[in-house]
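*Asks:* Those protein sequences? They're chains A and B, same order as listed.
First residue of the first sequence? That's 1 in UniProt numbering, and the numbers climb one at a time after it.
First residue of the second sequence? That's 1 in UniProt numbering, and the numbers climb one at a time after it.
No wet-lab data here; the hints were simulated from the structure.
The beta carbon of each residue, even a glycine, is placed where N, CA and C say it ideally should be.
You can trust all of the hints, since none of them are fake.
Within a straight-line C-alpha distance of at most 30 Å, the following computed DSBU-like cross-link-like pairs (lysine-lysine) qualify: (1) Lys206(B) / Lys36(A); (2) Lys206(B) / Lys33(A); (3) Lys113(B) / Lys165(B); (4) Lys102(A) / Lys416(A); (5) Lys36(B) / Lys206(A); (6) Lys416(A) / Lys113(A); (7) Lys165(B) / Lys177(B); (8) Lys52(B) / Lys206(A); (9) Lys206(B) / Lys52(A).
The following label-pair restraints were derived from C-beta to C-beta distances: (10) Thr489(B) / Phe25(A): 32 to 42 Å; (11) Ile530(A) / Arg405(B): 52 to 62 Å; (12) Phe375(B) / Phe29(A): 54 to 64 Å.
Chain A residues, not near chain B, derived (Cβ > 12 Å throughout): (13) Ile133; (14) Lys406; (15) Ile491.
Protein chains: 2
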Amino acid sequence: MFIHSLQPQSMRLWAFLLSVYWVSFVTYFVLWKSYKHVSNLRATARSTPDFKPEEFAVLVRDVPRSSPDETIKDSVDSYFRALHPNTFYRSMVVTDHTKADKIYLEIEDHKKKIARAEVLYANSKTESNPEGIKPTHRTGFLGLIGKKVDTIEYCSEQIKELLPKLEAEQKTTLRDKQQQAAIVFFNSRSVAASASQTLHAQVFDKWTVMEAPEPRDIIWPNLSRNIYERQIRQVVVYSIVFLTVVFYMVPITAVSAISTLENLRKVLPFLKVVVDRPAIKTVLQAYLPQIALIVFLALLPAFLMFLSKAEGIPSQSHAVRATSGKYFYFVVFNVFLVYTLGKTLFTSLRTILDNANIGVIINMLATSLPGGATFFLTFVALKFFVGYGLELSRLIPLIIFHLKRKYLCKTEDEVKAAWAPGDLGYSTRVPNDMLIATVVLCYSVMAPLIIPFGVAYFALGWLIAKNQVLRVYVPSYESNGRMWPHMHTRIIAALLLYQATMIGVIGLKKFIYSPILAPLLPISFIFAYICHMRFYPAFANTPLEVAQHELKETPNMDAIYTAYIPQCLKPDKLEDLDVFEDAQSHSTSRAPSI
Amino acid sequence: MFIHSLQPQSMRLWAFLLSVYWVSFVTYFVLWKSYKHVSNLRATARSTPDFKPEEFAVLVRDVPRSSPDETIKDSVDSYFRALHPNTFYRSMVVTDHTKADKIYLEIEDHKKKIARAEVLYANSKTESNPEGIKPTHRTGFLGLIGKKVDTIEYCSEQIKELLPKLEAEQKTTLRDKQQQAAIVFFNSRSVAASASQTLHAQVFDKWTVMEAPEPRDIIWPNLSRNIYERQIRQVVVYSIVFLTVVFYMVPITAVSAISTLENLRKVLPFLKVVVDRPAIKTVLQAYLPQIALIVFLALLPAFLMFLSKAEGIPSQSHAVRATSGKYFYFVVFNVFLVYTLGKTLFTSLRTILDNANIGVIINMLATSLPGGATFFLTFVALKFFVGYGLELSRLIPLIIFHLKRKYLCKTEDEVKAAWAPGDLGYSTRVPNDMLIATVVLCYSVMAPLIIPFGVAYFALGWLIAKNQVLRVYVPSYESNGRMWPHMHTRIIAALLLYQATMIGVIGLKKFIYSPILAPLLPISFIFAYICHMRFYPAFANTPLEVAQHELKETPNMDAIYTAYIPQCLKPDKLEDLDVFEDAQSHSTSRAPSI
Numbered sequence: 001m002f003i004h005s006l007q008p009q010s011m012r013l014w015a016f017l018l019s020v021y022w023v024s025f026v027t028y029f030v031l032w033k034s035y036k037h038v039s040n041l042r043a044t045a046r047s048t049p050d051f052k053p054e055e056f057a058v059l060v061r062d063v064p065r066s067s068p069d070e071t072i073k074d075s076v077d078s079y080f081r082a083l084h085p086n087t088f089y090r091s092m093v094v095t096d097h098t099k100a101d102k103i104y105l106e107i108e109d110h111k112k113k114i115a116r117a118e119v120l121y122a123n124s125k126t127e128s129n130p131e132g133i134k135p136t137h138r139t140g141f142l143g144l145i146g147k148k149v150d151t152i153e154y155c156s157e158q159i160k161e162l163l164p165k166l167e168a169e170q171k172t173t174l175r176d177k178q179q180q181a182a183i184v185f186f187n188s189r190s191v192a193a194s195a196s197q198t199l200h201a202q203v204f205d206k207w208t209v210m211e212a213p214e215p216r217d218i219i220w221p222n223l224s225r226n227i228y229e230r231q232i233r234q235v236v237v238y239s240i241v242f243l244t245v246v247f248y249m250v251p252i253t254a255v256s257a258i259s260t261l262e263n264l265r266k267v268l269p270f271l272k273v274v275v276d277r278p279a280i281k282t283v284l285q286a287y288l289p290q291i292a293l294i295v296f297l298a299l300l301p302a303f304l305m306f307l308s309k310a311e312g313i314p315s316q317s318h319a320v321r322a323t324s325g326k327y328f329y330f331v332v333f334n335v336f337l338v339y340t341l342g343k344t345l346f347t348s349l350r351t352i353l354d355n356a357n358i359g360v361i362i363n364m365l366a367t368s369l370p371g372g373a374t375f376f377l378t379f380v381a382l383k384f385f386v387g388y389g390l391e392l393s394r395l396i397p398l399i400i401f402h403l404k405r406k407y408l409c410k411t412e413d414e415v416k417a418a419w420a421p422g423d424l425g426y427s428t429r430v431p432n433d434m435l436i437a438t439v440v441l442c443y444s445v446m447a448p449l450i451i452p453f454g455v456a457y458f459a460l461g462w463l464i465a466k467n468q469v470l471r472v473y474v475p476s477y478e479s480n481g482r483m484w485p486h487m488h489t490r491i492i493a494a495l496l497l498y499q500a501t502m503i504g505v506i507g508l509k510k511f512i513y514s515p516i517l518a519p520l521l522p523i524s525f526i527f528a529y530i531c532h533m534r535f536y537p538a539f540a541n542t543p544l545e546v547a548q549h550e551l552k553e554t555p556n557m558d559a560i561y562t563a564y565i566p567q568c569l570k571p572d573k574l575e576d577l578d579v580f581e582d583a584q585s586h587s588t589s590r591a592p593s594i
Numbered sequence: 001m002f003i004h005s006l007q008p009q010s011m012r013l014w015a016f017l018l019s020v021y022w023v024s025f026v027t028y029f030v031l032w033k034s035y036k037h038v039s040n041l042r043a044t045a046r047s048t049p050d051f052k053p054e055e056f057a058v059l060v061r062d063v064p065r066s067s068p069d070e071t072i073k074d075s076v077d078s079y080f081r082a083l084h085p086n087t088f089y090r091s092m093v094v095t096d097h098t099k100a101d102k103i104y105l106e107i108e109d110h111k112k113k114i115a116r117a118e119v120l121y122a123n124s125k126t127e128s129n130p131e132g133i134k135p136t137h138r139t140g141f142l143g144l145i146g147k148k149v150d151t152i153e154y155c156s157e158q159i160k161e162l163l164p165k166l167e168a169e170q171k172t173t174l175r176d177k178q179q180q181a182a183i184v185f186f187n188s189r190s191v192a193a194s195a196s197q198t199l200h201a202q203v204f205d206k207w208t209v210m211e212a213p214e215p216r217d218i219i220w221p222n223l224s225r226n227i228y229e230r231q232i233r234q235v236v237v238y239s240i241v242f243l244t245v246v247f248y249m250v251p252i253t254a255v256s257a258i259s260t261l262e263n264l265r266k267v268l269p270f271l272k273v274v275v276d277r278p279a280i281k282t283v284l285q286a287y288l289p290q291i292a293l294i295v296f297l298a299l300l301p302a303f304l305m306f307l308s309k310a311e312g313i314p315s316q317s318h319a320v321r322a323t324s325g326k327y328f329y330f331v332v333f334n335v336f337l338v339y340t341l342g343k344t345l346f347t348s349l350r351t352i353l354d355n356a357n358i359g360v361i362i363n364m365l366a367t368s369l370p371g372g373a374t375f376f377l378t379f380v381a382l383k384f385f386v387g388y389g390l391e392l393s394r395l396i397p398l399i400i401f402h403l404k405r406k407y408l409c410k411t412e413d414e415v416k417a418a419w420a421p422g423d424l425g426y427s428t429r430v431p432n433d434m435l436i437a438t439v440v441l442c443y444s445v446m447a448p449l450i451i452p453f454g455v456a457y458f459a460l461g462w463l464i465a466k467n468q469v470l471r472v473y474v475p476s477y478e479s480n481g482r483m484w485p486h487m488h489t490r491i492i493a494a495l496l497l498y499q500a501t502m503i504g505v506i507g508l509k510k511f512i513y514s515p516i517l518a519p520l521l522p523i524s525f526i527f528a529y530i531c532h533m534r535f536y537p538a539f540a541n542t543p544l545e546v547a548q549h550e551l552k553e554t555p556n557m558d559a560i561y562t563a564y565i566p567q568c569l570k571p572d573k574l575e576d577l578d579v580f581e582d583a584q585s586h587s588t589s590r591a592p593s594i
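Given these sequences and hints, build the entire structure.
*Replies:* Have a look at this one:
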């Protein structure tokens with residue numbers, strides 16, 4: 001038996017089998033170390049002596065409707081003052097400020113126009129024409145139609161008209177548009193951390209508390225959605241995502257079928273000139289479906305982001321994580337599986353449903369996997385050579401910036417805005433990297449050539465991303481490493497896919513020892529469970545140990561409170577803050593809370 | 001189509017189908033109302049103005065090993081004093097007091113013996129013998145062998161010898177046998193409630209906090225098990241339970257096979273007299289396997305309780321819930337399914353594994369279910385007629401009490417102990433009632449005659465159980481309704497089983513409208529989810545709203561602290577409490593904590 005198993009073929013299979021173990025354990029090691037590292041970084045970030053406003057605040061949702069004579073602000077105040085008599089500082093009820101925001105943005109827009117017009121006016125004062133030309137624009141649609149007006153005068157007048165409107169709207173908003181959510185401030189970090197983790201109400205669908213997101217991170221309209229609405233929205237959104245992932249080819253095919261050249265010519269007759277040329281016609285006819293696909297794929301992240309926000313998630317960073325998760329499902333199913341199985345997911349799904357059995361699925365994967373090796377080798381190499389080059393050189397942003405500066409930007413601020421690199425774009429970057437990780441893992445044993453590419457991809461990626469994050473991108477909010485547990489789960493999922501496939505692949509070679517790989521699956525589950533149990537809670541909540549760290553200085557509670565006032569509701573002078581508080585609570589006569 | 005469907009057969013099937021909906025919705029209604037009711041009762045119980053010691057305490061497990069010169073008590077004190085500077089009252093480190101407990105019980109035993117001997121001595125002083133006979137006993141095994149001694153003298157001497165031993169052991173225990181768990185006391189209810197829900201340590205496997213159980217509810221040896229040990233124990237225990245549920249027939253058959261009469265005669269020759277009589281031989285041979293089964297079933301609850309405690313659960317009430325859950329699996333699989341399918345679970349399991357498909361399982365159930373109707377009708381009726389009679393009359397405890405009083409009990413205390421009815425025995429009562437609920441639900445539409453029996457069973461059960469709980473049983477601990485969510489989940493599971501089976505049963509009759517029942521399954525899941533989301537958190541943790549209720553009087557913190565000192569470690573006079581504290585912490589010089 002033993003001698004028989006040492007024949008060359010068996011030797012190779014044994015090596016094959018052991019390398020699966022080896023790859024799995026290396027992955028565990030890396031995942032464990034990274035989780036620990038990120039966890040420590042997070043703790044350090046949360047326990048700095050400099051305070052952040054969100055560390056003193058708690059987000060309260062599902063505030064119950066109180067009696068009609070009591071405002072929501074009053075009921076929040078009295079509820080939290082009763083439960084936290086010595087530590088409650090103040091509360092801020094979330095208001096529906098869309099209208100105020102609209103007026104505010106209009107004013108800001110007019111201000112920008114004035115600044116721009118002034119620069120244009122100054123530039124037009126040449127030596128030959130010392131008076132200069134006063135810039136004008138039309139008041140109608142996109143400045144194309146309507147009455148021609150002097151920009152500076154017109155905009156100043158508009159601002160004068162809008163300012164009292166804004167003030168009136170601010171007052172109405174604060175008084176009458178209170179929503180069923182609030183941000184509650186406490187006078188110490190550890191009390192806020194503890195309050196955010198404590199169940200407040202006897203019934204769970206009232207007074208839901210959670211850690212407050214950063215002020216700039218909040219999605220205001222979502223805060224007031226109640227718990228049942230959130231649940232229903234989540235179910236609906238996930239159904240839509242499921243349909244999108246599995247049947248995304250259906251609408252594309254439909255659009256391609258309708259948008260044939262013949263139909264296009266009928267609807268848009270001016271295309272005739274182009275379309276009737278035989279050369280162009282052939283090319284267009286061949287590529288129209290691909291164009292529909294490309295447009296779909298380009299719009300997909302935005303669509304998924306829209307869906308994630310529609311779930312009722314309270315913060316941008318959380319919405320980005322949700323989007324990243326959805327996009328990951330899409331790429332794994334529609335890039336990895338489709339290229340591996342060589343048919344669309346829809347067809348495969350029918351095969352699977354006809355033989356509902358985990359064995360069938362593993363078998364199907366195992367049979368088709370080796371065929372995809374070449375494609376994915378190229379895929380990873382391409383990402384490596386082209387992707388990073390584009391990322392480092394930032395060629396496209398550079399071109400866009402230069403175009404903008406030449407033709408659009410007039411003032412300093414506009415140039416700055418055009419140069420701003422923005423966020424890192426986690427929502428597409430993370431799932432794409434996760435896809436590479438999945439591909440590299442799944443082909444690591446079958447086509448080991450992929451490993452150096454994978455290692456190079458992530459090693460270089462580490463350097464490049466670090467550089468870009470530190471020197472280029474400007475994060476617009478901070479989630480303190482909350483993305484990591486999300487990535488960790490998905491890498492484990494990739495690992496499980498890899499292990500299941502390998503059991504199938506080795507099994508197909510009629511190697512009787514292939515069940516030796518079976519323990520890997522439970523080991524992975526146990527590993528995932530231990531990691532989750534050990535590290536995740538400190539990501540979901542701030543531990544008291546971390547919140548208790550001493551502050552450099554006594555926090556300025558007013559500044560903390562002000563940080564959460566939306567831009568459009570901020571009074572012009574900060575001394576007016578009390579007016580703001582009055583308008584919101586009708587309760588100046590209340591005793592001080594501390 | 002419509003006319004066709006109104007033929008008698010179709011009419012009956014429509015009625016059938018609609019009654020499944022009707023039964024489901026009635027169940028939802030009842031479950032919702034009960035959850036709400038129990039939830040309110042719990043809130044009332046937790047917010048009474050009389051305080052309970054456990055409301056001020058938090059159980060801390062996984063205390064990390066500090067440096068060798070610092071005791072665990074010191075590290076707990078300094079950790080909690082740093083995190084809760086104004087509200088920390090005191091801590092009590094859990095010690096391994098098995099040895100002290102043993103000595104303490106020995107002393108108690110001797111005290112009982114003296115009391116008993118004194119009564120015997122007093123009774124022996126008759127008129128004819130005014131001196132009386134001094135009771136004696138032998139010191140050896142069970143009082144059967146060894147030297148004969150005067151009981152009163154001997155026991156008094158023993159107590160005198162043991163008392164200093166106990167004191168020494170108490171000191172050693174408090175100083176050297178500190179375990180990695182502690183009970184931490186806070187000076188207000190709401191602080192304790194909040195602390196028990198707040199994550200304390202950055203790493204989850206250290207400083208795990210939870211609500212403290214009642215002092216009498218605690219399983220001391222389990223407190224010090226660390227988090228990984230608990231996880232591993234849980235996995236091992238559940239594997240054993242799985243094997244027990246599915247393969248329990250295997251050891252019974254094995255035991256029966258070995259313990260044939262021939263073998264018994266060889267091992268226990270004195271049985272020859274009985275066994276050799278032909279009449280007894282036949283009866284014994286026929287019933288030996290049944291006897292093995294009966295013994296097994298009688299020992300099962302105790303065995304499951306032992307397993308539950310071995311999981312590392314910190315409180316008796318939790319262990320009872322765990323036992324009840326395991327016993328429920330056992331009865332549903334081995335009574336309900338086995339009697340329905342007409343073969344052992346092991347055989348059915350092989351059929352199911354061979355055709356791994358949910359359809360096959362539902363079909364199998366649907367085909368065999370009607371056959372069990374008569375059996376289960378009798379089953380419910382029997383439980384109703386015989387079970388409650390036994391319960392109400394308490395016939396068996398009565399007989400045992402009278403036997404004990406006549407032959408064993410001599411002192412007042414012994415008579416009292418013999419009369420004590422003890423606990424309600426949730427661990428077998430709940431799963432048995434759940435089984436009846438499952439049976440009644442599953443046969444409600446097929447054999448509607450079961451409904452009146454079921455209704456009568458639970459209606460009368462309500463009255464009887466209420467009477468027994470209020471007037472007979474003496475609960476030895478209070479879990480404040482925590483059993484209800486556990487029951488709720490299992491009733492929902494029964495409901496899902498019922499709905500799935502009904503889809504199968506109606507489908508088997510080739511009734512094309514049977515898929516109309518399919519929405520019931522997701523509705524049940526949604527119902528379960530909403531109930532869980534709405535009510536469960538207030539069972540798992542004490543909401544701040546409830547903990548904040550005002551107290552009738554200022555709590556006596558010393559009394560609260562003392563309530564948690566195990567009986568065997570309590571100093572004889574309570575004024576010695578400070579000595580106890582000294583011995584435990586070596587820190588009399590520490591500043592007062594408040």
